[in-house]
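Peer 1: Under this note's numbering, read the sequence shown as residues 1415 to 1800, first letter to last.
Check each hint, because a few of them may be wrong.
Said to hold, decoys possible - Here are the simulated PhoX-like cross-link-like pairs (lysine-lysine), alpha carbons at most 20 Å apart as the crow flies:
| no. | residue 1 | residue 2 |
| --- | --- | --- |
| 1 | Lys1746 | Lys1687 |
| 2 | Lys1547 | Lys1436 |
| 3 | Lys1768 | Lys1418 |
| 4 | Lys1526 | Lys1433 |
| 5 | Lys1434 | Lys1518 |
| 6 | Lys1793 | Lys1746 |
| 7 | Lys1793 | Lys1733 |
| 8 | Lys1418 | Lys1574 |
| 9 | Lys1434 | Lys1549 |
| 10 | Lys1668 | Lys1749 |
| 11 | Lys1434 | Lys1517 |
| 12 | Lys1549 | Lys1793 |
| 13 | Lys1768 | Lys1668 |
| 14 | Lys1547 | Lys1687 |
| 15 | Lys1547 | Lys1574 |
| 16 | Lys1746 | Lys1574 |
| 17 | Lys1768 | Lys1436 |
| 18 | Lys1444 | Lys1434 |
| 19 | Lys1668 | Lys1746 |
| 20 | Lys1549 | Lys1448 |
| 21 | Lys1793 | Lys1749 |
| 22 | Lys1518 | Lys1448 |
| 23 | Lys1793 | Lys1574 |
| 24 | Lys1706 | Lys1733 |
| 25 | Lys1444 | Lys1517 |
| 26 | Lys1526 | Lys1448 |
| 27 | Lys1517 | Lys1768 |
No wet-lab data here; the hints were simulated from the structure.
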Amino acid sequence: MEEKNVAQMRNELREFYFKKVKPNLEYLNKQRKKKRVDVFAIILILLGFALFFLVGSLKINGTSLIIFPIISFCLGTVILMLNHKGEKNRVIQIDVNGEYEFKKMFMPEFLKIFGDLQWDDIGKSSKPVNMDKYKSSNLLSSFLVGAFGDRIWGSYRGVKFDIFELDTSKTSLQCIINTLMILPFVFGCGCGLFGFVFVFLMFFVIWLSDVLNNGAIVVVFLLIYLLGIPLFVIFKYVSQSGFRGVFVEFDMNKNFEGHTFVLERAMTNRGIKFDRSKFEDVILEDPSFMQKYEVYSDNQVEARYVLTTGFIERFLNMKMAFRAKYIRASFKDGKIIIAIDAGRDLFQMANLSKDSDADTFTELFDEILSIIELINVLKLNQHIGL
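Full structure from sequences and hints, please.
Peer 2: Right, here's the structure in full:
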(Lines of atoms letter the chains of each structure in order from A and count residues from 1; the text may use other names and numbers.)
(Lines give C-alpha, C1' and ligand atoms only; values in the text may rest on other atoms or scores of the structure.)
Protein backbone atom coordinates (compact mmCIF):
# COMPACT_ATOMS: atom_id res chain seq x y z
CA MET A 1 0.00 0.00 0.00
CA GLU A 2 1.35 3.44 -0.93
CA GLU A 3 2.31 5.60 2.02
CA LYS A 4 0.52 8.93 2.41
CA ASN A 5 2.61 12.08 2.31
CA VAL A 6 2.35 14.86 4.90
CA ALA A 7 0.09 17.03 2.72
CA GLN A 8 -2.41 14.18 2.35
CA MET A 9 -2.39 13.56 6.10
CA ARG A 10 -3.03 17.24 6.84
CA ASN A 11 -5.99 17.22 4.47
CA GLU A 12 -7.37 14.18 6.30
CA LEU A 13 -6.83 16.00 9.60
CA ARG A 14 -8.96 18.94 8.46
CA GLU A 15 -11.70 16.62 7.21
CA PHE A 16 -11.59 14.63 10.46
CA TYR A 17 -11.86 17.77 12.59
CA PHE A 18 -14.78 19.37 10.78
CA LYS A 19 -16.77 16.14 10.33
CA LYS A 20 -16.06 14.24 13.55
CA VAL A 21 -14.71 16.61 16.19
CA LYS A 22 -16.29 20.04 15.82
CA PRO A 23 -19.94 18.87 16.06
CA ASN A 24 -19.16 17.30 19.48
CA LEU A 25 -16.81 19.91 20.97
CA GLU A 26 -19.39 22.09 22.69
CA TYR A 27 -20.89 19.12 24.55
CA LEU A 28 -17.52 17.61 25.49
CA ASN A 29 -16.08 20.91 26.73
CA LYS A 30 -19.19 21.40 28.85
CA GLN A 31 -18.83 17.90 30.33
CA ARG A 32 -15.15 18.54 31.03
CA LYS A 33 -16.00 21.64 33.08
CA LYS A 34 -18.66 19.73 35.00
CA LYS A 35 -16.12 17.11 36.04
CA ARG A 36 -13.88 19.78 37.48
CA VAL A 37 -16.81 20.98 39.58
CA ASP A 38 -17.38 17.36 40.68
CA VAL A 39 -13.81 17.10 41.93
CA PHE A 40 -14.16 20.30 43.95
CA ALA A 41 -17.46 19.12 45.47
CA ILE A 42 -16.08 15.70 46.40
CA ILE A 43 -13.08 17.31 48.07
CA LEU A 44 -15.42 19.40 50.21
CA ILE A 45 -17.48 16.32 51.17
CA LEU A 46 -14.47 14.20 52.11
CA LEU A 47 -12.86 17.11 53.93
CA GLY A 48 -16.06 17.48 55.94
CA PHE A 49 -15.93 13.79 56.95
CA ALA A 50 -12.24 14.01 57.86
CA LEU A 51 -12.69 17.16 59.97
CA PHE A 52 -15.74 15.72 61.71
CA PHE A 53 -13.91 12.54 62.77
CA LEU A 54 -10.80 14.48 63.71
CA VAL A 55 -12.70 16.91 65.95
CA GLY A 56 -14.64 14.03 67.50
CA SER A 57 -11.59 11.84 68.14
CA LEU A 58 -9.70 14.66 69.86
CA LYS A 59 -12.71 15.25 72.16
CA ILE A 60 -12.80 18.93 71.25
CA ASN A 61 -15.83 20.67 72.72
CA GLY A 62 -17.69 23.60 71.25
CA THR A 63 -20.12 24.00 68.41
CA SER A 64 -17.89 26.56 66.71
CA LEU A 65 -15.53 23.82 65.50
CA ILE A 66 -18.24 21.32 64.60
CA ILE A 67 -19.86 23.82 62.24
CA PHE A 68 -16.90 23.77 59.82
CA PRO A 69 -17.11 20.08 58.83
CA ILE A 70 -20.90 20.36 58.59
CA ILE A 71 -20.67 23.36 56.25
CA SER A 72 -17.99 21.65 54.15
CA PHE A 73 -20.03 18.45 53.81
CA CYS A 74 -23.33 20.21 53.04
CA LEU A 75 -21.79 22.66 50.57
CA GLY A 76 -20.06 19.86 48.67
CA THR A 77 -23.27 17.81 48.54
CA VAL A 78 -25.34 20.75 47.25
CA ILE A 79 -22.78 21.58 44.56
CA LEU A 80 -22.69 17.95 43.44
CA MET A 81 -26.48 17.72 43.25
CA LEU A 82 -26.85 20.98 41.33
CA ASN A 83 -24.07 20.01 38.92
CA HIS A 84 -25.97 16.83 37.97
CA LYS A 85 -29.50 18.18 38.21
CA GLY A 86 -31.83 16.47 35.75
CA GLU A 87 -29.35 13.74 34.77
CA LYS A 88 -30.37 10.08 34.76
CA ASN A 89 -26.81 8.79 35.01
CA ARG A 90 -25.54 9.36 38.55
CA VAL A 91 -22.14 7.73 38.06
CA ILE A 92 -19.38 10.27 38.68
CA GLN A 93 -15.92 9.72 37.24
CA ILE A 94 -12.93 11.63 38.56
CA ASP A 95 -11.20 13.00 35.47
CA VAL A 96 -10.21 16.60 36.05
CA ASN A 97 -9.31 17.37 32.45
CA GLY A 98 -12.11 15.30 30.98
CA GLU A 99 -9.42 14.19 28.55
CA TYR A 100 -10.07 10.46 28.68
CA GLU A 101 -13.56 10.95 27.27
CA PHE A 102 -12.13 13.01 24.42
CA LYS A 103 -9.51 10.40 23.57
CA LYS A 104 -11.82 7.43 23.89
CA MET A 105 -14.12 9.06 21.35
CA PHE A 106 -11.57 10.51 18.90
CA MET A 107 -8.12 8.95 19.25
CA PRO A 108 -8.67 5.57 17.47
CA GLU A 109 -10.00 7.26 14.34
CA PHE A 110 -7.58 10.18 14.62
CA LEU A 111 -4.63 7.78 14.41
CA LYS A 112 -5.95 6.31 11.16
CA ILE A 113 -4.69 9.51 9.55
CA PHE A 114 -1.16 8.15 9.99
CA GLY A 115 -1.95 4.53 9.12
CA ASP A 116 -2.65 1.42 11.14
CA LEU A 117 -1.80 2.82 14.58
CA GLN A 118 -3.36 1.94 17.94
CA TRP A 119 -3.82 3.86 21.18
CA ASP A 120 -4.30 3.04 24.82
CA ASP A 121 -4.20 4.95 28.10
CA ILE A 122 -1.73 2.96 30.19
CA GLY A 123 -3.05 4.43 33.42
CA LYS A 124 -6.47 2.89 32.70
CA SER A 125 -5.25 -0.21 30.86
CA SER A 126 -5.02 -3.77 32.14
CA LYS A 127 -1.83 -4.20 30.09
CA PRO A 128 0.91 -2.10 31.73
CA VAL A 129 4.26 -1.45 30.08
CA ASN A 130 7.01 -3.92 30.93
CA MET A 131 9.62 -1.50 32.24
CA ASP A 132 12.44 -4.05 32.57
CA LYS A 133 13.45 -3.55 28.93
CA TYR A 134 13.59 0.22 29.30
CA LYS A 135 15.42 0.14 32.62
CA SER A 136 18.02 -2.23 31.13
CA SER A 137 18.61 0.31 28.34
CA ASN A 138 20.39 2.48 30.96
CA LEU A 139 18.42 5.57 29.98
CA LEU A 140 16.28 5.93 33.08
CA SER A 141 17.02 6.42 36.75
CA SER A 142 15.08 4.51 39.39
CA PHE A 143 12.00 6.37 40.57
CA LEU A 144 9.60 6.29 43.49
CA VAL A 145 6.61 8.05 41.93
CA GLY A 146 5.78 7.51 38.28
CA ALA A 147 2.68 8.07 36.17
CA PHE A 148 2.11 6.49 32.77
CA GLY A 149 0.06 8.22 30.11
CA ASP A 150 -0.74 7.52 26.49
CA ARG A 151 0.68 4.65 24.50
CA ILE A 152 0.70 4.63 20.69
CA TRP A 153 2.03 1.72 18.69
CA GLY A 154 1.92 0.20 15.25
CA SER A 155 3.89 0.27 12.02
CA TYR A 156 4.87 3.22 9.86
CA ARG A 157 6.71 2.88 6.55
CA GLY A 158 7.24 -0.78 7.34
CA VAL A 159 8.95 -0.12 10.69
CA LYS A 160 7.35 -1.26 13.96
CA PHE A 161 7.42 1.25 16.80
CA ASP A 162 6.09 1.79 20.30
CA ILE A 163 5.64 5.13 22.07
CA PHE A 164 4.57 5.70 25.66
CA GLU A 165 4.45 8.62 28.06
CA LEU A 166 6.14 8.49 31.44
CA ASP A 167 6.29 11.12 34.17
CA THR A 168 8.64 10.63 37.13
CA SER A 169 9.27 14.37 37.45
CA LYS A 170 7.58 14.98 40.79
CA THR A 171 10.14 16.89 42.82
CA SER A 172 10.64 16.31 46.51
CA LEU A 173 8.75 19.54 47.28
CA GLN A 174 5.79 18.51 45.12
CA CYS A 175 5.68 15.08 46.72
CA ILE A 176 5.85 16.53 50.21
CA ILE A 177 2.98 18.93 49.52
CA ASN A 178 0.88 16.26 47.79
CA THR A 179 1.61 13.65 50.41
CA LEU A 180 0.72 15.87 53.34
CA MET A 181 -2.75 16.58 51.98
CA ILE A 182 -5.34 14.57 53.88
CA LEU A 183 -6.83 13.20 50.66
CA PRO A 184 -4.20 13.59 47.93
CA PHE A 185 -5.59 10.67 45.92
CA VAL A 186 -8.53 12.88 44.95
CA PHE A 187 -6.19 15.12 42.94
CA GLY A 188 -4.56 12.24 41.04
CA CYS A 189 -1.23 13.94 41.65
CA GLY A 190 1.01 10.88 41.34
CA CYS A 191 1.18 10.28 45.11
CA GLY A 192 -2.12 8.40 45.26
CA LEU A 193 -0.69 5.41 47.09
CA PHE A 194 0.38 7.60 49.98
CA GLY A 195 -3.07 9.17 50.06
CA PHE A 196 -4.86 5.82 50.32
CA VAL A 197 -2.43 4.58 52.97
CA PHE A 198 -2.89 7.76 54.97
CA VAL A 199 -6.69 7.64 54.84
CA PHE A 200 -6.75 3.96 55.83
CA LEU A 201 -4.35 4.50 58.72
CA MET A 202 -6.13 7.66 59.81
CA PHE A 203 -9.48 5.94 60.20
CA PHE A 204 -7.81 3.01 61.96
CA VAL A 205 -6.10 5.37 64.41
CA ILE A 206 -9.35 7.25 65.03
CA TRP A 207 -11.11 3.95 65.75
CA LEU A 208 -8.28 2.88 68.06
CA SER A 209 -8.32 6.20 69.91
CA ASP A 210 -12.07 5.81 70.52
CA VAL A 211 -11.62 2.25 71.77
CA LEU A 212 -8.82 3.27 74.14
CA ASN A 213 -10.48 6.61 74.90
CA ASN A 214 -7.21 8.41 74.24
CA GLY A 215 -7.20 11.22 71.69
CA ALA A 216 -3.44 11.65 72.02
CA ILE A 217 -2.98 8.62 69.73
CA VAL A 218 -4.25 10.70 66.78
CA VAL A 219 -1.87 13.53 67.59
CA VAL A 220 1.10 11.15 67.79
CA PHE A 221 0.15 9.55 64.48
CA LEU A 222 -0.11 12.93 62.75
CA LEU A 223 3.29 13.99 64.08
CA ILE A 224 4.92 10.77 62.85
CA TYR A 225 3.23 11.10 59.49
CA LEU A 226 4.01 14.78 59.01
CA LEU A 227 7.68 14.30 59.91
CA GLY A 228 8.35 10.84 58.54
CA ILE A 229 6.98 11.07 55.01
CA PRO A 230 8.82 14.29 54.04
CA LEU A 231 12.13 12.88 55.29
CA PHE A 232 11.58 9.68 53.30
CA VAL A 233 10.66 11.54 50.11
CA ILE A 234 13.62 13.93 50.41
CA PHE A 235 15.99 11.02 50.98
CA LYS A 236 14.60 9.19 47.96
CA TYR A 237 14.75 12.16 45.62
CA VAL A 238 17.85 14.01 46.76
CA SER A 239 20.13 12.24 44.26
CA GLN A 240 17.70 11.83 41.36
CA SER A 241 16.24 13.90 38.57
CA GLY A 242 12.84 13.10 37.16
CA PHE A 243 11.76 12.35 33.60
CA ARG A 244 8.71 13.78 31.87
CA GLY A 245 8.31 12.90 28.24
CA VAL A 246 8.17 9.91 25.95
CA PHE A 247 10.06 6.71 25.31
CA VAL A 248 10.17 5.81 21.63
CA GLU A 249 11.23 2.34 20.51
CA PHE A 250 11.89 1.46 16.87
CA ASP A 251 12.91 -1.73 15.12
CA MET A 252 16.20 -0.93 13.41
CA ASN A 253 16.12 -3.67 10.73
CA LYS A 254 19.70 -4.35 11.73
CA ASN A 255 21.23 -6.94 14.04
CA PHE A 256 23.54 -5.81 16.82
CA GLU A 257 25.31 -7.92 19.41
CA GLY A 258 26.35 -5.14 21.76
CA HIS A 259 24.76 -2.39 23.79
CA THR A 260 25.60 1.26 23.14
CA PHE A 261 23.94 4.18 24.88
CA VAL A 262 24.24 7.96 24.94
CA LEU A 263 23.64 10.17 27.99
CA GLU A 264 23.91 13.91 28.50
CA ARG A 265 26.82 15.23 30.57
CA ALA A 266 24.65 16.81 33.24
CA MET A 267 23.35 16.38 36.77
CA THR A 268 20.14 14.95 35.29
CA ASN A 269 21.76 11.56 34.64
CA ARG A 270 23.30 11.11 38.09
CA GLY A 271 20.50 8.78 39.19
CA ILE A 272 21.18 6.33 36.33
CA LYS A 273 23.03 3.31 37.68
CA PHE A 274 24.65 0.59 35.61
CA ASP A 275 27.56 -1.84 35.91
CA ARG A 276 30.40 0.30 34.61
CA SER A 277 32.75 -2.68 34.54
CA LYS A 278 30.79 -4.03 31.56
CA PHE A 279 31.01 -0.85 29.48
CA GLU A 280 33.78 1.29 28.09
CA ASP A 281 33.86 5.00 27.36
CA VAL A 282 33.52 5.66 23.65
CA ILE A 283 35.45 8.69 22.41
CA LEU A 284 34.10 10.05 19.14
CA GLU A 285 35.79 12.45 16.76
CA ASP A 286 33.25 15.22 17.35
CA PRO A 287 34.66 17.27 20.29
CA SER A 288 31.60 19.51 20.64
CA PHE A 289 29.33 16.44 20.93
CA MET A 290 31.64 14.80 23.46
CA GLN A 291 31.55 17.94 25.61
CA LYS A 292 27.77 17.58 25.97
CA TYR A 293 27.28 13.79 25.92
CA GLU A 294 28.75 10.62 27.35
CA VAL A 295 28.83 7.45 25.26
CA TYR A 296 29.19 3.94 26.69
CA SER A 297 29.36 0.61 24.91
CA ASP A 298 30.39 -3.00 25.35
CA ASN A 299 31.39 -3.10 21.67
CA GLN A 300 33.61 -0.24 20.48
CA VAL A 301 33.45 -1.20 16.79
CA GLU A 302 29.68 -1.42 16.81
CA ALA A 303 29.38 1.88 18.69
CA ARG A 304 31.26 3.71 15.97
CA TYR A 305 29.12 2.02 13.34
CA VAL A 306 25.85 3.32 14.77
CA LEU A 307 27.08 6.69 16.04
CA THR A 308 27.99 8.17 12.69
CA THR A 309 28.32 11.88 11.98
CA GLY A 310 24.91 11.75 10.31
CA PHE A 311 23.23 10.19 13.32
CA ILE A 312 24.81 12.68 15.72
CA GLU A 313 23.51 15.57 13.62
CA ARG A 314 19.99 14.12 13.55
CA PHE A 315 20.16 13.32 17.26
CA LEU A 316 20.96 16.96 18.11
CA ASN A 317 18.29 18.22 15.72
CA MET A 318 15.69 16.06 17.50
CA LYS A 319 16.49 17.76 20.79
CA MET A 320 15.88 21.15 19.21
CA ALA A 321 12.71 20.03 17.39
CA PHE A 322 11.07 18.80 20.60
CA ARG A 323 12.45 21.69 22.68
CA ALA A 324 13.61 18.90 24.96
CA LYS A 325 15.44 19.36 28.24
CA TYR A 326 17.53 16.37 27.24
CA ILE A 327 17.50 13.42 24.88
CA ARG A 328 19.10 9.98 25.26
CA ALA A 329 19.50 6.98 22.99
CA SER A 330 20.20 3.26 23.37
CA PHE A 331 21.07 0.66 20.71
CA LYS A 332 20.37 -2.87 21.88
CA ASP A 333 18.86 -6.14 20.61
CA GLY A 334 18.19 -4.77 17.14
CA LYS A 335 16.20 -1.82 18.48
CA ILE A 336 16.81 1.83 19.13
CA ILE A 337 15.19 3.41 22.18
CA ILE A 338 15.10 7.19 22.38
CA ALA A 339 14.12 8.96 25.60
CA ILE A 340 12.88 12.51 25.02
CA ASP A 341 12.35 14.62 28.12
CA ALA A 342 10.06 17.37 26.86
CA GLY A 343 9.21 18.59 30.36
CA ARG A 344 5.50 18.66 29.52
CA ASP A 345 2.48 16.49 28.84
CA LEU A 346 2.38 15.38 25.21
CA PHE A 347 -0.55 14.10 23.12
CA GLN A 348 -3.13 16.33 24.82
CA MET A 349 -6.75 16.53 23.65
CA ALA A 350 -8.07 18.48 26.62
CA ASN A 351 -6.55 21.07 28.92
CA LEU A 352 -7.43 22.55 32.30
CA SER A 353 -6.95 26.15 31.27
CA LYS A 354 -8.81 26.29 27.94
CA ASP A 355 -11.39 24.57 25.77
CA SER A 356 -10.27 22.12 23.12
CA ASP A 357 -10.36 23.50 19.59
CA ALA A 358 -8.78 23.10 16.15
CA ASP A 359 -5.35 24.16 17.49
CA THR A 360 -5.50 21.35 20.05
CA PHE A 361 -5.78 18.72 17.34
CA THR A 362 -3.23 20.40 15.07
CA GLU A 363 -0.66 20.38 17.87
CA LEU A 364 -1.41 16.73 18.62
CA PHE A 365 -1.00 15.90 14.93
CA ASP A 366 2.38 17.66 14.80
CA GLU A 367 3.64 15.86 17.91
CA ILE A 368 2.83 12.41 16.61
CA LEU A 369 4.12 13.21 13.13
CA SER A 370 7.40 14.51 14.57
CA ILE A 371 7.98 11.21 16.36
CA ILE A 372 7.06 8.76 13.62
CA GLU A 373 9.00 10.82 11.06
CA LEU A 374 12.12 9.77 13.00
CA ILE A 375 11.82 6.61 10.94
CA ASN A 376 12.67 8.67 7.87
CA VAL A 377 15.19 10.86 9.65
CA LEU A 378 17.13 7.85 10.97
CA LYS A 379 16.53 5.80 7.80
CA LEU A 380 15.24 2.89 9.88
CA ASN A 381 13.30 1.46 6.95
CA GLN A 382 16.52 0.97 5.02
CA HIS A 383 18.71 -2.07 5.53
CA ILE A 384 21.87 0.01 5.52
CA GLY A 385 24.02 1.72 8.09
CA LEU A 386 22.80 4.85 9.80
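Peer 1: Hint by hint, note whether the structure agrees.
Peer 2: Going through the hints against the structure:
no.	hint	verdict
1	Lys1746 with Lys1687	17 Å, holds
2	Lys1547 with Lys1436	40 Å, violated
3	Lys1768 with Lys1418	32 Å, violated
4	Lys1526 with Lys1433	15 Å, holds
5	Lys1434 with Lys1518	13 Å, holds
6	Lys1793 with Lys1746	17 Å, holds
7	Lys1793 with Lys1733	18 Å, holds
8	Lys1418 with Lys1574	17 Å, holds
9	Lys1434 with Lys1549	39 Å, violated
10	Lys1668 with Lys1749	8 Å, holds
11	Lys1434 with Lys1517	13 Å, holds
12	Lys1549 with Lys1793	25 Å, violated
13	Lys1768 with Lys1668	45 Å, violated
14	Lys1547 with Lys1687	15 Å, holds
15	Lys1547 with Lys1574	16 Å, holds
16	Lys1746 with Lys1574	15 Å, holds
17	Lys1768 with Lys1436	16 Å, holds
18	Lys1444 with Lys1434	17 Å, holds
19	Lys1668 with Lys1746	10 Å, holds
20	Lys1549 with Lys1448	39 Å, violated
21	Lys1793 with Lys1749	13 Å, holds
22	Lys1518 with Lys1448	18 Å, holds
23	Lys1793 with Lys1574	13 Å, holds
24	Lys1706 with Lys1733	12 Å, holds
25	Lys1444 with Lys1517	16 Å, holds
26	Lys1526 with Lys1448	30 Å, violated
27	Lys1517 with Lys1768	16 Å, holds
Comparing the model with each numbered hint stated earlier shows that hints 2, 3, 9, 12, 13, 20, 26 do not hold.
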